[in-house]
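2 protein chains.
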Amino acid sequence: MSNLINYPNRKVKNIIAKKTSFANRGMTLEEDINLTNEYYISQNKALIYKKPTPVQIVNVDFKKRSSARITEAYFKTPSTTDYNGVYQGFYLDFDVKECSLISSFPIRQIHKHQIDHLKAVMAHGGIAFLIIRFTKTNESYLLLAKDILNYLSSSETKSLPKKWIEEKGYLLKINFNPRLDYLKAVDLIIQENNYA
Amino acid sequence: MSNLINYPNRKVKNIIAKKTSFANRGMTLEEDINLTNEYYISQNKALIYKKPTPVQIVNVDFKKRSSARITEAYFKTPSTTDYNGVYQGFYLDFDVKECSLISSFPIRQIHKHQIDHLKAVMAHGGIAFLIIRFTKTNESYLLLAKDILNYLSSSETKSLPKKWIEEKGYLLKINFNPRLDYLKAVDLIIQENNYA
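Going down the list, the sequences are from chains E and Z.
FYI, in our numbering the residues of the first sequence are 356 to 551.
FYI, in our numbering the residues of the second sequence are 356 to 551.
Nothing false has been slipped in among the hints.
Straight-line Cα separation of at most 25 Å, DSS-like style, residue types lysine-lysine; simulated pairs:
| hint | chain 1 | residue 1 | chain 2 | residue 2 |
| --- | --- | --- | --- | --- |
| 1 | Z | K467 | E | K405 |
| 2 | Z | K400 | E | K406 |
| 3 | Z | K518 | Z | K452 |
| 4 | E | K400 | Z | K406 |
| 5 | E | K405 | Z | K406 |
| 6 | E | K452 | Z | K406 |
| 7 | E | K406 | Z | K474 |
| 8 | Z | K400 | E | K467 |
| 9 | Z | K406 | E | K474 |
| 10 | E | K400 | Z | K501 |
| 11 | Z | K405 | E | K431 |
| 12 | Z | K405 | E | K474 |
| 13 | E | K406 | Z | K431 |
| 14 | E | K406 | Z | K452 |
| 15 | E | K467 | Z | K405 |
| 16 | E | K400 | Z | K467 |
| 17 | Z | K431 | E | K431 |
| 18 | E | K474 | Z | K400 |
| 19 | Z | K474 | E | K400 |
| 20 | Z | K400 | E | K501 |
| 21 | E | K406 | Z | K405 |
| 22 | E | K400 | Z | K405 |
| 23 | Z | K406 | E | K467 |
| 24 | Z | K405 | E | K452 |
| 25 | E | K406 | Z | K406 |
| 26 | E | K517 | E | K501 |
| 27 | Z | K467 | E | K406 |
| 28 | Z | K452 | E | K405 |
| 29 | Z | K474 | E | K405 |
| 30 | Z | K431 | E | K405 |
| 31 | E | K405 | Z | K400 |
| 32 | E | K418 | Z | K431 |
Calculated directly from the structure, the hints in this document are not laboratory data.
Please build the complete structure, drawing on both the sequences and the hints.
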């Protein structure tokens, strides 16, 4: 069971929360992206889903007729990113990360297997990126995996400076609907044919 | 909890089985496709994954330091198909179905939301299909969603005749590695530009 993991409590709470009241508090980046994707699907604009949380199921109780009940299971490390789908014939693949620092994003927040996955997406002609939110200032940026990988290969640093992110990234604005219209940035990326 | 479901026992056993001995028995279609996808990834040929089984988590025990333990959870109905990914810049999206009948495939084995999802994939420029295995004869066919939808719209029937599947589908051969080289059929489909 070497690939079982401990999620930080906040993440587990997000997974467990089925219906969350959005009143009187800010939404997480993940909630914003999920609402945005629902909007895109309802408008036939794109078909992008969050993958289910991978769970290792050990025991199931079939006694109750109404619904099989899982009585023992563990969280597994995802082998890919959380989001993928199709937009105008393009394959999109990305992850979202919140960052509580002000002037940089620590690379350790991206797992090694996620970096490898994003590289593979690029190699197969997909559009690979991260959406990073600086929670202190509530700014969200879309950053191409290509740019992140270039930066990491040319530098010894263990974090992406905010200044660099402002320069290379696409700033995403919070709206009512869609919450975070990241496909606008993807449109620019496709126009510039700049994704791989 | 209206979207919680009862899986047939066999499916749950497949989900639970982590390491399965393949000796002395045939593999399920799902096992064949999973092995094929692992092969494609290892050969940098394509990046296609099975999505995790969607689970509604109700209770988690954090007592043990080593790993959070899920103590109550339920299976949810998937809102999409089981497989998606990218191949040569194309978005692929499909499901796999085993059929124990000899002369036809019953449409009820495809859920309504899966049909809707495959339609949406086509509309967004992806390649949408099913892989159907007739278990009695161990024949597997790749069938484009486009062809299935055309057939259903022009007929009152509740099943796809085997004869029609033989005519419209791409017969997939079982090999050692990759087990079921369905990308060969996808190559033909791309050549014929025939997927939407």
